[in-house]
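Asker: Starting from the two chains in their separate frames, assemble the complex, guided by the hints.
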Amino acid sequence: DTEVTQTPKHLVMGMTNKKSLKCEQHMGHRAMYWYKQKAKKPPELMFVYSYEKLSINESVPSRFSPECPNSSLLNLHLHALQPEDSALYLCASSQDPGLAGSEQYFGPGTRLTVT
Amino acid sequence: RKEVEQDPGPFNVPEGATVAFNCTYSNSASQSFFWYRQDCRKEPKLLMSVYSSGNEDGRFTAQLNRASQYISLLIRDSKLSDSATYLCVVSRYGGATNKLIFGTGTLLAVQP
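Protein sequence lines, in the order shown, are assigned to chains A and B. Residue numbers for the first sequence follow my numbering, beginning at 681 and rising by one. Residue numbers for the second sequence follow my numbering, beginning at 47 and rising by one.
It should be emphasised that the hints constitute simulated quantities derived from the structure, not laboratory data. No experiment lies behind these values; they were computed from the predicted model shown. One or more of the hints may lead you astray.
Heads up, simulated EDC-like pairs for lysine to aspartate or glutamate below, C-alpha to C-alpha not over 20 Å straight-line [said to hold, decoys possible]: (1) A:Lys699 with A:Asp765; (2) A:Lys716 with A:Glu747; (3) B:Lys91 with A:Glu704; (4) A:Lys718 with B:Asp103; (5) B:Lys125 with B:Asp103; (6) A:Lys720 with B:Glu102; (7) B:Lys91 with A:Glu783; (8) A:Lys718 with A:Glu732; (9) A:Lys689 with B:Asp85; (10) A:Lys718 with B:Asp85; (11) A:Lys702 with A:Glu747.
Isolated chain B, as found in the complex (with noise of 0.2 Å):
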């Protein structure tokens, strides 16, 4: 089982819909949380941290459930240029340092 799992969709929506994506992780010494935009071809860009009160950016919208070890990014009224591939990312002690763990990614593609 991967450490961080998210569904590799594709999600094909049209313009202007909402669209929420998953995410699990199974290492509860997780201490943080981002979601990453990747474009095809080009590196992982930040999106946003993930906060257990959730947070708000814009149209985004990112929720964090300790818990049940879920996280969570709504994205409203869709635009074309929101199609990438969205990572979901945990941050924990990896021995010496803070290390990054990737989910897979899922598709997002965005319809005219």
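Just chain A, same shape as in the assembly (with noise of 0.2 Å):
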């Protein structure tokens, strides 16, 4: 078995709210990745989770706030988010962060929407 779940599917926020992402799997996987796709683009990377320890943030900017609270969970938290962070947010997840060949298998998504 080879899912990752995300919740919510679909998010509308304000730009003065407070949101969370949630993704979660049960493959043993020990890194989990956001990521973030616009229309027509690919995904690109936010951050990356070795073995619970945040190991890459690509610059995000602070508003976006993720956490690691076991090897089975990532959540990313948003505050005070801006209309261009409307996107498909991805999650993913590895079996070895350290090994080149590690598949990464994407979680379905949510659709974030920022008004």
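Answerer: Rendered as structure tokens:
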């Protein structure tokens, strides 16, 4: 089973709201990722957690705050977003963050609209 | 210049056709290579990893040429259900862990 789940599927929030995106995997994977994808563009890496520690932050604005409560869960906390942050937010996981050939599996994404 | 380059297409082909996608990458430190497919408004799904010896999965054949930094995907006997965007992806060490670098994708439309 290569399932990564994400909630919610859709989210509409105002620029003053605080919301959270959730991601879960039960494959025993030790790396988890957040990506942002705009229409007709490839996914852009935002954050990588390796063994529950933040290992990569791709210079993401502080209004996005990731959290990894345990090896199966990944959250993305959102605060004071801008309309240009509207996008599909994808979570992914892979078995071994240090292994180049480790395949990443994506969740279905959360489609976020900031009004 | 983008680190992973693909022809964006669209490739419009009839059912049953054979279609080939090419991809080049610029960073010689790239270590692993993949093809993902992405349907409209869905998540990317891993199609296959790509190995130097070439590998085949049913109607799909992938090739890697490390010397030329070139990756290809061949789809034989195209089906309507093959219509999607095909993403060429490389993996390399990102300073703390491995990260994926995506090409912009090639759009395939298989026509009845």
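Asker: State for each hint whether it applies.
Answerer: Do the hints match the structure? See the list:
1. With a C-alpha separation of about 13 Å, the suggested pairing of Lys699 (chain A) with Asp765 (chain A) holds against the 20 Å cut-off.
2. Taking the CA atoms of Lys716 (chain A) and Glu747 (chain A), the gap is near 16 Å; set against the 20 Å cutoff, the hint holds.
3. In summary, the hint linking Lys91 (chain B) to Glu704 (chain A) is supported, as the alpha carbons are separated by about 17 Å, within the 20 Å threshold.
4. Using a Cα cut-off of 20 Å, the hinted pair Lys718 (chain A) and Asp103 (chain B) is violated, with the two alpha carbons roughly 30 Å apart.
5. A distance of roughly 15 Å separates the Cα atoms of Lys125 (chain B) and Asp103 (chain B); the hinted pair therefore holds under the 20 Å criterion.
6. Of the supplied pair hints, the one linking Lys720 (chain A) and Glu102 (chain B) is violated, its CA atoms being roughly 28 Å apart against a limit of 20 Å.
7. For the hint linking Lys91 (chain B) to Glu783 (chain A), the alpha-carbon distance of about 11 Å falls within 20 Å, and the restraint holds.
8. At most 20 Å may separate the alpha-carbon atoms for a hinted pair to count; Lys718 (chain A) and Glu732 (chain A) exceed this at roughly 27 Å.
9. For the proposed pair Lys689 (chain A) and Asp85 (chain B), the alpha carbon gap of about 16 Å is at most 20 Å, so the pair holds.
10. Of the pairs offered as hints, the one joining Lys718 (chain A) and Asp85 (chain B) holds, with about 14 Å between alpha carbons and a cut-off of 20 Å not exceeded.
11. A threshold of 20 Å between alpha carbons decides the hint, and for Lys702 (chain A) with Glu747 (chain A) the separation of about 10 Å falls inside it, so the pair holds.
Comparing the model with each earlier hint shows violations of hints 4, 6 and 8; every other hint is respected.
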